[in-house]
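Novice: Sequence:
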Amino acid sequence: MLTPKSSRPTPERLLDAAEKLMRTIGLANTTTKAIAREAGCSEAALYKHYANKEELFVRVLMERTPNAEPLMAELDRDHAERSVEEGLAAIARHASLFYADAVPMAASLFAEPALLTRHREGVQEIGTGPHVVRDALTGRLRRELERGRLRPDADPGAAAALLLGACFQRAFFLHFSGPHVVQPVEEFAPAVARTLWAAIR
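So that you can map any letter, position 48 of the sequence shown is 48 in full-length UniProt numbering, and since no number is skipped, the others follow by simple counting.
Keep in mind the hints are simulated off the structure, nothing from the lab.
A couple of the hints might just be wrong.
Calculated cross-link-like contacts (lysine to aspartate or glutamate; reagent style EDC-like; alpha-carbon spacing at most 20 Å) [claimed, not checked]:
#: 1; residue 1: Lys33; residue 2: Glu55
#: 2; residue 1: Lys48; residue 2: Asp16
#: 3; residue 1: Lys53; residue 2: Glu63
#: 4; residue 1: Lys53; residue 2: Glu112
#: 5; residue 1: Lys48; residue 2: Glu125
#: 6; residue 1: Lys53; residue 2: Glu12
#: 7; residue 1: Lys53; residue 2: Glu125
#: 8; residue 1: Lys53; residue 2: Glu38
#: 9; residue 1: Lys53; residue 2: Glu121
#: 10; residue 1: Lys53; residue 2: Asp101
#: 11; residue 1: Lys48; residue 2: Glu38
#: 12; residue 1: Lys33; residue 2: Glu43
#: 13; residue 1: Lys33; residue 2: Glu12
#: 14; residue 1: Lys53; residue 2: Asp16
#: 15; residue 1: Lys20; residue 2: Glu55
#: 16; residue 1: Lys53; residue 2: Glu43
#: 17; residue 1: Lys33; residue 2: Asp16
#: 18; residue 1: Lys20; residue 2: Glu38
#: 19; residue 1: Lys48; residue 2: Glu12
#: 20; residue 1: Lys20; residue 2: Asp101
Restraint ranges, calculated between C-beta atoms of paired labels, are given here [claimed, not checked]:
#: 21; residue 1: Pro113; residue 2: Arg147; range: 37 to 45 Å
#: 22; residue 1: Arg151; residue 2: Tyr47; range: 46 to 54 Å
#: 23; residue 1: Gly129; residue 2: Ser177; range: 24 to 32 Å
#: 24; residue 1: Ala114; residue 2: Arg151; range: 41 to 49 Å
#: 25; residue 1: Arg147; residue 2: Leu116; range: 34 to 42 Å
Small disclaimer: the values here were computed from a predicted structure and weren't measured.
In this text, a Cβ means the ideal position worked out from N, Cα and C, and glycines have one as well.
Please construct the entire structure, taking both the sequences and the accompanying hints into account.
Specialist: Written as structure tokens, this is what we have:
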């Protein structure tokens, strides 16, 4: 049974409202005033719980996007018990699905340079941003390098950029051109992992 909106805690109602608006009208058109109105509370109440709209966006991405938590868990996990290639394939799968969900919400920002600047500053204010996924994968690969599981001259940062860049590009093509121009994720993820692994093992 669904919980009535008014009986849900205010932070949850604000997160529900932010998710609904960001997914339907886009991040650029979603204001804190609109989020508060949708949640049935004041804008002042929103700022009691969240620093800014960008924090709500990050929370929606990381808590309401199905593959965000599995992706971060995969990046943090110690993969000593299985092959690096298998770990990279799992990361590529979750990253591909995560970006496929995130790209449409964020895309509207790029239509307005001033809004993009405000968004960038807001994200920096709360100490996060899309680079955290890249940094986590770089750290994960650096640990593998220290274990001797990568070739000595492998560059963890470049390898992370290659893997995640491919996943992001797949999401862009998926939305821009349609599913017929991309591999199904269950084929794409192991193929990207296999190709990257051939270069750094």
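Novice: Would you mind marking each hint as holding or not holding in the structure?
Specialist: Verification of the supplied hints:
Distance restraint check for lysine 33 and glutamate 55: the Cα-Cα separation of roughly 15 Å lies within the 20 Å cut-off, and the hinted pair is therefore satisfied. Restraint check for lysine 48 and aspartate 16: the C-alpha separation of about 16 Å stays at or below 20 Å, so the hint holds. Distance restraint check for lysine 53 and glutamate 63: the Cα-Cα separation of roughly 15 Å lies within the 20 Å cut-off, and the hinted pair is therefore satisfied. Proximity of lysine 53 to glutamate 112 is assessed by CA-CA distance (about 16 Å); at most 20 Å being required, the pair is judged to hold.
For the hint pairing lysine 48 with glutamate 125, the CA-to-CA distance comes to about 16 Å; that is within 20 Å, so the pair holds. The hinted pair formed by lysine 53 and glutamate 12 meets the criterion: a straight-line CA distance of about 14 Å does not exceed 20 Å. For the given pair, lysine 53 sits about 11 Å from glutamate 125 by alpha-carbon distance, which is consistent with the 20 Å threshold. Among the hinted pairs, lysine 53 with glutamate 38 is consistent with the structure: their alpha-carbon atoms are about 14 Å apart, no more than 20 Å.
Restraint check for lysine 53 and glutamate 121: satisfied, since their Cα atoms lie roughly 11 Å apart, inside the 20 Å limit. A distance of roughly 19 Å separates the Cα atoms of lysine 53 and aspartate 101; the hinted pair therefore holds under the 20 Å criterion. Our distance criterion of 20 Å between C-alpha atoms is met by lysine 48 and glutamate 38, whose separation comes to about 16 Å. Note on lysine 33 and glutamate 43: the hinted pairing holds, with a Cα-Cα distance of about 6 Å set against a maximum of 20 Å.
Note on lysine 33 and glutamate 12: the hinted pairing holds, with a Cα-Cα distance of about 16 Å set against a maximum of 20 Å. Our distance criterion of 20 Å between C-alpha atoms is met by lysine 53 and aspartate 16, whose separation comes to about 13 Å. Under the criterion of a C-alpha separation no larger than 20 Å, the hint pairing lysine 20 with glutamate 55 is consistent with the structure, at around 15 Å. Distance hint between lysine 53 and glutamate 43 is fulfilled; the C-alpha atoms sit about 11 Å from each other, no more than 20 Å.
Our distance criterion of 20 Å between C-alpha atoms is met by lysine 33 and aspartate 16, whose separation comes to about 14 Å. Simply put, lysine 20 and glutamate 38 have alpha-carbon atoms about 9 Å apart, close enough for the 20 Å limit, and the pair holds. A distance of roughly 13 Å separates the Cα atoms of lysine 48 and glutamate 12; the hinted pair therefore holds under the 20 Å criterion. Pair hint lysine 20 plus aspartate 101 holds up; C-alpha atoms about 13 Å apart against a cutoff of 20 Å.
Between proline 113 and arginine 147 the C-beta distance comes to about 44 Å, which sits within the given range of 37 to 45 Å. Distance hint check for arginine 151 and tyrosine 47: the Cβ-Cβ separation is about 50 Å, which falls inside the suggested range of 46 to 54 Å. Range check, glycine 129 to serine 177: Cβ separation about 27 Å, and the 24 to 32 Å hint holds. Checking the proposed 41 to 49 Å range against alanine 114 and arginine 151 shows it holds: the Cβ atoms sit about 45 Å from each other.
Range check, arginine 147 to leucine 116: Cβ separation about 40 Å, and the 34 to 42 Å hint holds.
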